[in-house]
Structures are given as structure tokens and as C-alpha cells.
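*Asks:* Letter by letter, the chains look like this.
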Amino acid sequence: MRSWDSMEDFEAFLDGGGLVEPDDDMPDAYRQAVFRFIELHANSEYMGGLTERDWIAKAPGLTNKLKALAKTQDEIGHAHLLYMVAADMGVKTRDEMTADLLAGRTTFHNVFHYRACSWGDQIAIAYLVDAAALASQQAVFKNCSYGPYKRILRRIIAEEGFHMRNGEELLLKMAKGTAQQHAMMQESLDRWWWPAVQLFGPDSPPDDVLLRWHIKSERNEVLRDRFVQKMVPQLQAAGFTIPDSDLRQDPDTGRWVSGQIDWDALKAAIAGRGPDSERRLRDARNAWDGASWVRGALDEAAAVPA
Amino acid sequence: MDDTGPVTAVEPTGDPAETLGARELVLALADDELCIGQNLGWWIAVGPFLEEDLALTSISQDELGHARALYGLLGDDIDAMAYGREPHEYLCAHITELPCHDWAETLVRHFLYDTAETVRWSALADSSWESLGAVARRALAEERSHLRHATGLLDRLLRTDAGIAHLLPLFDQLAPMAREIFDAPSGCSDGALVAAGVITCDFGNQLAQWQDIVGDALAKTGYQPQWAVADAEAAPLGGRAGRRSAHFAALHAEMVEVLSIDPSARW
Numbered sequence: 001m002r003s004w005d006s007m008e009d010f011e012a013f014l015d016g017g018g019l020v021e022p023d024d025d026m027p028d029a030y031r032q033a034v035f036r037f038i039e040l041h042a043n044s045e046y047m048g049g050l051t052e053r054d055w056i057a058k059a060p061g062l063t064n065k066l067k068a069l070a071k072t073q074d075e076i077g078h079a080h081l082l083y084m085v086a087a088d089m090g091v092k093t094r095d096e097m098t099a100d101l102l103a104g105r106t107t108f109h110n111v112f113h114y115r116a117c118s119w120g121d122q123i124a125i126a127y128l129v130d131a132a133a134l135a136s137q138q139a140v141f142k143n144c145s146y147g148p149y150k151r152i153l154r155r156i157i158a159e160e161g162f163h164m165r166n167g168e169e170l171l172l173k174m175a176k177g178t179a180q181q182h183a184m185m186q187e188s189l190d191r192w193w194w195p196a197v198q199l200f201g202p203d204s205p206p207d208d209v210l211l212r213w214h215i216k217s218e219r220n221e222v223l224r225d226r227f228v229q230k231m232v233p234q235l236q237a238a239g240f241t242i243p244d245s246d247l248r249q250d251p252d253t254g255r256w257v258s259g260q261i262d263w264d265a266l267k268a269a270i271a272g273r274g275p276d277s278e279r280r281l282r283d284a285r286n287a288w289d290g291a292s293w294v295r296g297a298l299d300e301a302a303a304v305p306a
Numbered sequence: 001m002d003d004t005g006p007v008t009a010v011e012p013t014g015d016p017a018e019t020l021g022a023r024e025l026v027l028a029l030a031d032d033e034l035c036i037g038q039n040l041g042w043w044i045a046v047g048p049f050l051e052e053d054l055a056l057t058s059i060s061q062d063e064l065g066h067a068r069a070l071y072g073l074l075g076d077d078i079d080a081m082a083y084g085r086e087p088h089e090y091l092c093a094h095i096t097e098l099p100c101h102d103w104a105e106t107l108v109r110h111f112l113y114d115t116a117e118t119v120r121w122s123a124l125a126d127s128s129w130e131s132l133g134a135v136a137r138r139a140l141a142e143e144r145s146h147l148r149h150a151t152g153l154l155d156r157l158l159r160t161d162a163g164i165a166h167l168l169p170l171f172d173q174l175a176p177m178a179r180e181i182f183d184a185p186s187g188c189s190d191g192a193l194v195a196a197g198v199i200t201c202d203f204g205n206q207l208a209q210w211q212d213i214v215g216d217a218l219a220k221t222g223y224q225p226q227w228a229v230a231d232a233e234a235a236p237l238g239g240r241a242g243r244r245s246a247h248f249a250a251l252h253a254e255m256v257e258v259l260s261i262d263p264s265a266r267w
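Those protein sequences? They're chains A and B, same order as listed. The numbers in my numbering rise by one with no breaks, and the one at position 270 of the first sequence is 270. The numbers in my numbering rise by one with no breaks, and the one at position 67 of the second sequence is 67.
Hints are not guaranteed to be accurate.
[As the list claims (entries may be wrong)] Some chain B residues near chain A, calculated using beta-carbon distances under 8 Å:
| no. | residue |
| --- | --- |
| 1 | Gln38 |
| 2 | His166 |
| 3 | Pro169 |
| 4 | Leu170 |
| 5 | Ser264 |
Simulated from the structure, these hints should not be mistaken for laboratory data. These figures come from a predicted structure and were not determined experimentally. Idealized CB from N, CA, C, for every residue including glycine.
Given the sequences, and given the hints that come with them, work out the whole structure.
*Replies:* Here it is, written out as C-alpha cells:
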């Protein structure tokens, strides 16, 4: 177990590229901040699985169904890994994290407070939301100071890359498809564009401890801007419009500049007042509570030799 | 649905795939896998704990993969076979159509179905229809892990009062229904299939083997499944003859919802 005499020493260790491990005597403020960040990530993967599951049963064709199942299974697998890494930090157990999530005491990303209304929405999630999540995760991975998180992010990022490419492939099919498919996809992009942009969060505060402690490596506004620069031309080339009437291209730099971002929508969603927040948590609660006898019986069986 | 019309039994030296009833047998198996895979996929994100979500959706993907491989033995347009037929053209056993949105039901159905599958695939592993034998051998390897999952949970839960209370009554309900897995699909004679080497064990013997496996697994609880429904002469469910259960319409509507939006579209 390593320990540090002062926060200055600890921060010097982080600045030197040091990796913190679970049995290190890390400063409590760091432990709490990293834990909350991983817990939010875990909750979001779990709730993302619930958001996507509506369209797996309806996925058109066997190949799409298998891909959709594998993708959502990846998300749940990420939640599983993240909850274990978070639990190892000794702040809360897995069951406590689940209880807090289901009671609305902890949060998950804004995008998973919305409802997937069509197959097009399923594609928009893979194309926009997974791309946004991937960009954020890559930025965390790059310089991540917490060892276990950095190691599982490597796998998560590899899988999210597949999801995003699958989203691109499906989006292009819709772009080149029938008029009805094109219209369905445009409606989905209209629904999911702003939540995806908002996912990056408002501009980072000047003294963001997550940046100082090498959890994040880039500011929210930098990641958000990079996402807009990448997505706008791609979507326009595919024949879709961006649902931002104030979007403009700077004539000097060629860069795309978004219109006003509605941060109230982000805050409301995260606070559990999003369009589908209630159903999302209710589904999770019903599933969790309905199967409590299974968990209880398995614990009981484990305590008694066969 | 097989549209080649009835074929007559051929000499064992002929193409085993053309044996009377061979295509119906494969279609029935494929339809079982399609429905089971669809129903197991429901459990993503809503299982009793995350590890179980992951396990059930892995199994779901395996079963859908088997459906794809089996339809692939019958033709090239797999989605047309999987999703483009009329309800009466499906030959699945009714137990595969049950939604089982209660986890205990899912576990009991999973155990009954995967033990049955192990027997069924074993009877196909050395099939004279070589590509069918190859599918069966690959599937058998996967079934071993499915069974480990089902029996591992069942064994542990049946050591508890809660497990016994939740699970054993479901065997009374589901075990008689699961017998239908071994019913011959219409137009299918297991005598001809055994003679041609398509299957190496007739349906009656497969059923008996399966009942032994299920009985053995439950023996330590002192419980024996009531194999027959109350009326031993009850009419067959008819799933293998194209009669669909009350659950099929909703299951099928869900499978084809997006496909039906625009039949000319490629997704």
C-alpha cells in the first residue's frame, strides 16, 4: 500500500503519470470523486441497456437482432465491470449502488432519460450517443490516473467503437433506403441530436478537479466541439439535416458553430425529470424487486454446503 | 415453409436431406430456436442480477444462431423463412412461444428446453445429412454451457424453501407441455428418418432419455414431474402441425413490426 504525505505529493505523483490502485492510501477527496465518476458511468451503461431493449425484439431481421442483442449485452457487461471496479473502492457495495440508483439518489446520463421511439432511434443512439460516449471515454482513458478504471476502459472503448461503426452502417442504409426509411431516420436524428450534444455537459469549470486529478483529460467544451465538427458534415453528406436552425459555418475557419444549447433540458433529465425517466426507473425497480427472492435464495444456498 | 411438396422416402444411398420429413424436422427445430432466442432476449437489463442478464442474452444469441444455421440448411433467404411465413406455417413447440416474463418460469423452461435440446442434437450429431450433423455438433458444445447455467442455478435454488416454492409448481405446468418438443412435425416419419440415418434415435426414445435426465435432476428434491396432463388422452397441442398457441401472435407481431413498415426496404 502506498501513501502520500500531502495532497501536493499525491498530485505530483498523478502529474508524473502515476496510476492509483485500490489498496493505495489515496486522499479521500480523490477516492470520492473517482468513485462518483465511475458510479455515474456504471449507472449510465445499465440504464442505456434498458433504453435500447425496447427495440431488440423488433429489430428487423435476424442479423440486426443478433447485433442489437450483442451490443446491448456489451453495455450491460460494461455496467457489470464498472460496478465491480467501483465497489472495490470501498465507498459503497454493488447492492447499495443499485438501491441508490433505483431510489433516484444517484444519477445517470441525460440521454438515457429519453425514450427510443422507433428503429431509427435505435440507430441514432448507436450513431450519435455511442459516438459521444466513446469520445468522452477515450479522453478519460488517455490520461486516467485510476488503474482499474483505465484497464477496463480499454475494453469498453474497443466495444463502443464496434457499436459506433454498426451505427454508421445502419445510418447509411437508412440514408440510401426508401423515402420512408429516410424520413424515419431524420425524425430520429431530430429527437437525439440535442441530447447527444448535451451529453458532454456544460463548459468545464476552470478548476475542475477531475482534470487536475487526471480523470478527465479534456474539457467538456473541447470534446463537444470536436463532436459537432465530426458529425455535422457526416450527417449532411448522408442527406440529413441538423435540427439546429442557428447552426452556422464560420466563413474564416470553416468550423461549425452550434446554436444556443438548452442546458435546462440537461439538468431536468439528470434530475430525473426527463421524458422517460420515470418509466426507466420503474422498469428497473420492478425487475430488481420482483427477483429479490432469487438473490435471497442464492445467498442462502451459498451459506449452506451442498 | 417447404414448398417442394411431399417427397417419397428415398433409398439410404440418396440425398439424406430429401428424406421424407427431413426438411420439416429442420424447420421445426429452427422455429423452436427462433422463438426461444426471441423470448430469452427479453431479459436483457431486467434479470435478477447483471450476471444473469449477460448469461441469458448469451444463450439467446446462441439459440438465434442455431436458428440461422438451421434455416440456412433449407434455403438462402433466412429472414424470409424466419419472419416471412404465415403463423400456421411455423412448426415450433408451444413451450417455445411462452413469453416467460417471470424469471422462475424462464429458468424452468430453460432447463426443460436445453436438456431436450441436448438429447435432440445428440440424435443429429452423426446425421447422414452431413451439414445438419455439423450444425448439431457445434450446437452441442454450446448446449453444455447452457445446461451448466440452468442446472447450476436450479441445484442451488432447490436447496432453499423459496426456490422449491417458486420452481417446483412450474414443473407441473411446463413439463407436460415440453413433451411436445419430441412430437413429430407433420409430414415427418421418424421411421424414415432413422432408416435414412438423418436421426440416429427415434422421437420416442429421445423423449424417454429426456424424461430420465429431468427426473434425475429433480430426484434429490423428492419430486417427480407429472408428465401427463390430467387427462392422459388430452389432445396434442399441435404446435408441430402448425397450430399456434395464444402467445404466438404477439411474439410474431413483435418480430416483424419493423419489417412490416416498408416491405420494400432493406434494413
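*Asks:* For each hint, tell me whether it holds in the structure or not.
*Replies:* Evaluated hints:
no., hint, verdict
1, Gln38, "holds (6 Å)"
2, His166, "holds (6 Å)"
3, Pro169, "violated (14 Å)"
4, Leu170, "violated (13 Å)"
5, Ser264, "holds (6 Å)"
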